[in-house]
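For chain P, the structure is supplied; the task is to place chain H with the ligands on it using the hints.
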Amino acid sequence: MEQCSNQVIVAKNVKKNYQQDSIVVEAVRGVNLTIEKGEFTAIVGPSGSGKTTLLNVLTGLDTPTEGEVWLNGRLLSEMSQRELCDFRRDNVGFVFQAYNLIPVLTVEENIEYVMMLQGVSKNERHRRVVDILKQMGLEGYHNRFPTQLSGGQQQRVAIARAMVTKPALILADEPTANLDSKTSRALLDIMRKLNEETNMTFVFSTHDPHVVDRARRVIILEDGVNVREETRN
Amino acid sequence: MMTLRLAFRNLLRQKRRTIFTGLSMLVGFVMGCFFIGWADGAYNHIIDSFTRQRLGHIQIHKQGYLGKPSLYKTIDNPERVGKILDTVGHIDSWAPRLFSAGLVSAGEKSAGVQVIGIDTEREERTTNISNKIVEGNYFDNRIRGVILGKDLARNLHAGVRDSVVILSQAADGSIANARYPVTGLIDTGDPGLNRSAFYLPLEYAQELFVLEGKVHEIAVNAANLNYIEKVAKELKSRLSGTGLHVADWKEFAHEFYVAMSADKGGMYVMLVIVVIIVAITVLNTILMSVLERQKEYGVLKAIGTRPGSLVRMVLIETALLAGACILLGSVIGYFMNLYFAEYGLKLANPIEWGGVQIKYMKGEVNFKSFYLPTITVLVTALLVCFFPALRAARTEPAKTMRTF
Ligand SMILES: Nc1ncnc2c1ncn2[C@@H]1O[C@H](COP(=O)(O)OP(=O)(O)OP(=O)(O)O)[C@@H](O)[C@H]1O
Ligand SMILES: [Mg+2]
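Protein sequence lines, in the order shown, are assigned to chains P and H. Heads up: the first sequence begins at 1 in my numbering, then just goes up one per residue. Heads up: the second sequence begins at 1 in my numbering, then just goes up one per residue.
Keep in mind the hints are simulated off the structure, nothing from the lab. Owing to the predicted nature of the structure, the values given are computational and were not obtained by experimental measurement.
Example chain H residues on the side facing chain P (calculated, C-beta under 7 Å, incomplete): (1) R9; (2) R13; (3) K295; (4) A302; (5) G304.
Non-contacting residues of chain P with respect to chain H, defined by C-beta distances greater than 10 Å in every case (computed): (6) Q20; (7) E36; (8) T65; (9) E68; (10) G137; (11) T198.
Note that the Cβ used here is the ideal one computed from N, Cα and C, for glycine as well.
One chain only, chain P, in its complex shape:
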């Protein structure tokens, strides 16, 4: 089937089972969804509802037990491990809940990393790092190491790293889980502002209602199925 060019993610009947000892855990049980370019979408659900599992499957970090995932027009199951690696590098920016930054690299080096993998020139890299740190309100922090930053600042650096290569999709799994509510809201405000300015696609999971408020589209996941969704402004 032909994929429409502004569909970033298309998931068809995606299922993921985990084998745990003798029991099979059905973490994701038949998800169908489409994410379009420029969306600012939250995936919401109680703990254990399968948010992390779904996001991993949608980005090729994990393989679905059943179903198909199209990312930026490519069918993930057709790619080799190495192709997937390169594909993620060029198409997806990740923000994880924790352990995002490499502790032995400075803020600038962390942000530069993927650009180096892509072979972006040194001058261009530096220019982009300066730009993005300014957008994140982290001017002057480029020589700090992650441990010298607060949790909120670290997550902002992680977002900077995810965005700096201008990927088709920025994916954040509970980016605010380790932050207090004020910092969480500030982080979401930055993400939303960037989304509006650059039209980059954001998908994030959360169970924090304050964070959910900031989303324009909310997909509600229960027991591994997207049961409902809401659109807001």
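Structure of chain H with the ligands alone, referenced to chain P:
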């Protein structure tokens, strides 16, 4: 570039662990370096003592003499060979010799002897023979006669200033028969020779056996052991077509050579110990850090680092550490070996080897004692850390980054 930077910073991260790993590589390297220098020094010392002080490093004979010695297989032109020897580099000294057998009697007693005609000055310069005289004197311009092996003298009940009579057959078929005063007794270090040695000045021996101007052997000492091969090669080419045969000690003292080679197995035992030390510590510590950094490798892989880069990162980390340790170890090993090459260790109980007394154990500074441990440490460390490196490369981000 980034891989190198990451590897380097990761090393500085757990300083105590890095130091521990490094220390084991360092100890392994220095042990290997020292042992090889020491063993080579000791063996070369034994070999040098054995050959230089008695047989010579290289010997020249008429073709066929070595396999089946005979009075008639002579070097007919020793002066000409001598002139050639004087123009070849890295030769320390050389000495012509004449060999025959005979029957000696003193009073009522008699014994079979090995007659050895020696150029008194050249022999002294080549093998320091006068050091082995235990009674009486070595030959000089005034003192001419015979030097007897000390046990031969005892069997004959003959001492210094007694005279002995030798009976043999000359090269022309006539009876060789002469009487000489005993000028000295010698302890050659070789029991067989001590029972049979009958040293004569070369010109006496040539006259006795009617072999004027001829000898059976020319012993050559190179400047040191390392030059033997080179000198032997040059002599072979310079003397080709003369009917003479050039042999180095490995050929004419073949049994001794085989014994020495067999003993060098100790070196490999040592290298195996180095391998074990390095392998165990590297495997442990690198595996530990790889397991600790699973989440980081997960992030790196998720954001697009290829598995091969992760393997490289771990290998480079180990290689950097090994490189630093080898560099430091080389400096330490160099000075250690230099010290022991210079001063050695005086042995409380001298070792006897084939009649040569070894009073000192000396080390040696040579290339081998650096490159062998280098290869051993580097190859072991890299091979062993391949396993943790693969482990890092196989990290599954979806698994390692779960936070529950
Ligand atoms: N590797 C695994 N092996 C076995 N079961 C797993 C594994 N990973 C996840 N699960 C199970 O799958 C289900 C979904 O887990 P998942 O982490 O996707 O939920 P989640 O919505 O992200 O939860 P949370 O909000 O706590 O992060 C859970 O029941 C979990 O126990
Ligand atoms: Mg989760």
